[in-house]
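Asks: As a plain string of letters, each chain reads:
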Amino acid sequence: MYVAVKGGERAIENAHRLLAHERRGDRAVPEVSLSQISEQLSLGVDRVMTEGSLYDRELAALAIKQARGDMIEAIFLLRAFRATLPRFGASEPVDTSQMRVRRRISSTFKDMPGGQILGSTFDYTHRLLDPVLTEESMPEQPVLAEAQPAVMPRVTDILGRDGLIESSPAEDAEQPVGDLTRDALSFPAERDLRLQNLARADEGFLLSLGYSSQRGYGRNHPFAGEIRLGEVEVEFMAEDVGFAVPLGAITLTECQMVNQFKGTDTEAPSFTRGYGLAFGQSERKVMSMALVDRALRARELGEDVVAPSQDEEFVLSHSDNVQATGFVEHLKLPHYVDFQSELGLLRKLRKEFHDANSAPDAMKEAAE
Amino acid sequence: MTSTFLNGQQTRRQAAMAVLVHAATAEIAGHLAALDVPAYEQLREPENGLVMLRGRIGGDGAPFNLGEATVSRAAVRLASGEVGFGYTLGRDRTKAELIALCDALIQTDAFTDAVETKVLAPLRGRIAEDRQQRAAQTAATKVDFYTLVRGEG
Numbered sequence: 004m005y006v007a008v009k010g011g012e013r014a015i016e017n018a019h020r021l022l023a024h025e026r027r028g029d030r031a032v033p034e035v036s037l038s039q040i041s042e043q044l045s046l047g048v049d050r051v052m053t054e055g056s057l058y059d060r061e062l063a064a065l066a067i068k069q070a071r072g073d074m075i076e077a078i079f080l081l082r083a084f085r086a087t088l089p090r091f092g093a094s095e096p097v098d099t100s101q102m103r104v105r106r107r108i109s110s111t112f113k114d115m116p117g118g119q120i121l122g123s124t125f126d127y128t129h130r131l132l133d134p135v136l137t138e139e140s141m142p143e144q145p146v147l148a149e150a151q152p153a154v155m156p157r158v159t160d161i162l163g164r165d166g167l168i169e170s171s172p173a174e175d176a177e178q179p180v181g182d183l184t185r186d187a188l189s190f191p192a193e194r195d196l197r198l199q200n201l202a203r204a205d206e207g208f209l210l211s212l213g214y215s216s217q218r219g220y221g222r223n224h225p226f227a228g229e230i231r232l233g234e235v236e237v238e239f240m241a242e243d244v245g246f247a248v249p250l251g252a253i254t255l256t257e258c259q260m261v262n263q264f265k266g267t268d269t270e271a272p273s274f275t276r277g278y279g280l281a282f283g284q285s286e287r288k289v290m291s292m293a294l295v296d297r298a299l300r301a302r303e304l305g306e307d308v309v310a311p312s313q314d315e316e317f318v319l320s321h322s323d324n325v326q327a328t329g330f331v332e333h334l335k336l337p338h339y340v341d342f343q344s345e346l347g348l349l350r351k352l353r354k355e356f357h358d359a360n361s362a363p364d365a366m367k368e369a370a371e
Numbered sequence: 186m187t188s189t190f191l192n193g194q195q196t197r198r199q200a201a202m203a204v205l206v207h208a209a210t211a212e213i214a215g216h217l218a219a220l221d222v223p224a225y226e227q228l229r230e231p232e233n234g235l236v237m238l239r240g241r242i243g244g245d246g247a248p249f250n251l252g253e254a255t256v257s258r259a260a261v262r263l264a265s266g267e268v269g270f271g272y273t274l275g276r277d278r279t280k281a282e283l284i285a286l287c288d289a290l291i292q293t294d295a296f297t298d299a300v301e302t303k304v305l306a307p308l309r310g311r312i313a314e315d316r317q318q319r320a321a322q323t324a325a326t327k328v329d330f331y332t333l334v335r336g337e338g
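Protein chains in written order, with our numbering: chain Y, 4 to 371; chain Z, 186 to 338.
Because the hints were derived from the structure by calculation, they are not lab data.
It is possible that part of the hints are untrue.
Far from chain Z by the CB rule (all over 10 Å, computed), these chain Y residues [what the hints assert, rightly or not]: (1) 71; (2) 142; (3) 194; (4) 251; (5) 311; (6) 320.
Just the calculated beta-carbon pair ranges, DEER-fashion [stated by the list, open to error]: (7) 103/Y to 223/Z: 31 to 39 Å; (8) 103/Y to 221/Z: 33 to 41 Å; (9) 220/Z to 123/Y: 37 to 45 Å; (10) 224/Z to 46/Y: 40 to 48 Å; (11) 298/Z to 24/Y: 54 to 62 Å; (12) 144/Y to 330/Z: 23 to 31 Å; (13) 188/Y to 222/Z: 15 to 23 Å; (14) 232/Z to 327/Y: 27 to 35 Å; (15) 133/Y to 228/Z: 48 to 56 Å.
Even for Gly, the Cβ is constructed at its ideal location relative to N, Cα and C.
Input sequences plus hints: build the corresponding full structure.
Replies: This is how it looks when you write it as structure tokens:
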């Protein structure tokens with residue numbers, strides 16, 4: 004039970020003013036701009052958009068600035084903002100096979116149509132702090148090479164041609180697409196809802212769960228079939244216009260995890276799959292998401308649910324960092340009355356304990 | 186009007202929108218300034234909203250909701266009656282209105298060519314150049330595998 008506590012208004016007002024002061028930091032240091040955050044801390048912006056579940060770089064940068072770099076607070080701000088706008092509808096599903104690819108790697112095939120494209124990556128860097136960046140610096144221009152217009156089929160499409168991998172679940176036009184922002188999540192949850200939940204889930208939570216599955220808690224033998232990053236076009240069926248209008252492009256990262264094969268008496272064995280998709284360049288996120296997506300298919304694939312990563316109620320109920328932080332941090336709110344009643348009970352129990360232990364010896368002897 | 190005409194016009198409008206959404210507001214306005222734009226009224230006040238972005242399970246399967254994006258939209262009507270619509274990602278209502286204006290103009294006989302040559306063509310060129318530049322940067326990071334021959338020989 005919470006009680007309204009009066010008398011704190013001035014303290015709260017002053018605390019917020021102090022917050023604004025602390026946020027600004029040393030006033031002699033130039034203030035960071037939204038475009039600086041968006042351009043130079045871009046992966047942080049991508050994470051806030053992904054988990055804030057709102058694609059808008061400028062707003063995500065603002066949230067990061069306002070939250071003083073506290074990512075979960077920034078995600079919270081973005082989620083709160085989306086409640087202020089009407090929803091026009093849902094886009095046509097994006098086609099990641101038509102992505103303008105800026106990075107595309109596979110750990111399963113060395114030579115695949117379109118090739119391995121590293122793009123910009125931390126991979127193969129030495130993870131040594133770079134003293135050059137302590138001062139302002141201007142890096143060299145990127146190297147240019149002639150771009151061959153190449154088709155870039157997804158690795159899963161290549162495997163699928165030979166039936167070596169299960170196909171994706173087909174679209175059922177009769178079936179509405181589940182939306183957990185409209186209807187509360189209930190269990191068992193179908194894969195569309197699970198993926199929506201995982202897409203906005205805390206990266207750290209999914210990373211740990213994915214890692215746990217690799218270490219043997221619900222092992223599913225994953226290969227990174229393909230990870231691709233780039234821009235895809237978005238279209239929206241606008242009723243007023245009468246046709247699908249182009250909205251522009253968004254940056255996405257996609258992970259196709261290829262997992263241990265499975266067959267039945269009636270179906271030849273084939274690889275199974277896990278899928279990850281996120282806004283911006285979010286490679287760790289989509290890999291973790293794909294591992295957990297595959298783990299959560301245990302029920303569907305007839306596997307024993309023995310590990311946390313396979314338990315959909317556990318995973319989906321605890322994956323959202325805005326909900327999680329709300330419940331953990333609500334412990335800071337006044338619980339004075341709750342606590343007073345606990346205190347009263349504890350005092351009573353302690354008194355009974357002392358009374359029992361200091362009873363006259365005669366009582367004890369009688370008992371014996 | 187025949188359905189072929191309508192289809193042709195729809196394709197043209199979609200193609201124009203597909204260029205305009207990738208341009209900055211100031212860019213569109215700058216190119217439009219070369220035209221003697223006729224009077225128009227707002228049919229719908231430009232507004233901000235959200236569109237739920239969808240992906241597909243496995244990239245090619247059943248759809249799922251990935252997350253939302255901010256979107257702006259507007260609708261305008263020319264004095265001559267043509268109605269144009271503008272939709273774009275982001276919260277720039279002016280951009281939505283300019284797209285709507287271009288959409289209305291390309292439906293008129295008087296302006297369709299001018300919009301094509303003075304607005305869309307230069308934007309298309311600039312966008313293609315940017316994409317080419319990015320593609321060239323990306324191409325330089327493509328791995329060229331070669332096999333090291335090991336052993337005696």
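Asks: It remains to establish, for every hint, whether it holds in the given structure.
Replies: How the hints compare with the structure:
no., hint, verdict
1, 71, "holds (23 Å)"
2, 142, "holds (13 Å)"
3, 194, "violated (6 Å)"
4, 251, "violated (4 Å)"
5, 311, "holds (23 Å)"
6, 320, "holds (18 Å)"
7, 103/Y to 223/Z: 31 to 39 Å, "holds (36 Å)"
8, 103/Y to 221/Z: 33 to 41 Å, "holds (36 Å)"
9, 220/Z to 123/Y: 37 to 45 Å, "holds (40 Å)"
10, 224/Z to 46/Y: 40 to 48 Å, "holds (47 Å)"
11, 298/Z to 24/Y: 54 to 62 Å, "holds (59 Å)"
12, 144/Y to 330/Z: 23 to 31 Å, "holds (26 Å)"
13, 188/Y to 222/Z: 15 to 23 Å, "violated (50 Å)"
14, 232/Z to 327/Y: 27 to 35 Å, "holds (34 Å)"
15, 133/Y to 228/Z: 48 to 56 Å, "holds (54 Å)"
Against the hints set out earlier in the document, violations occur for numbers 3, 4 and 13.
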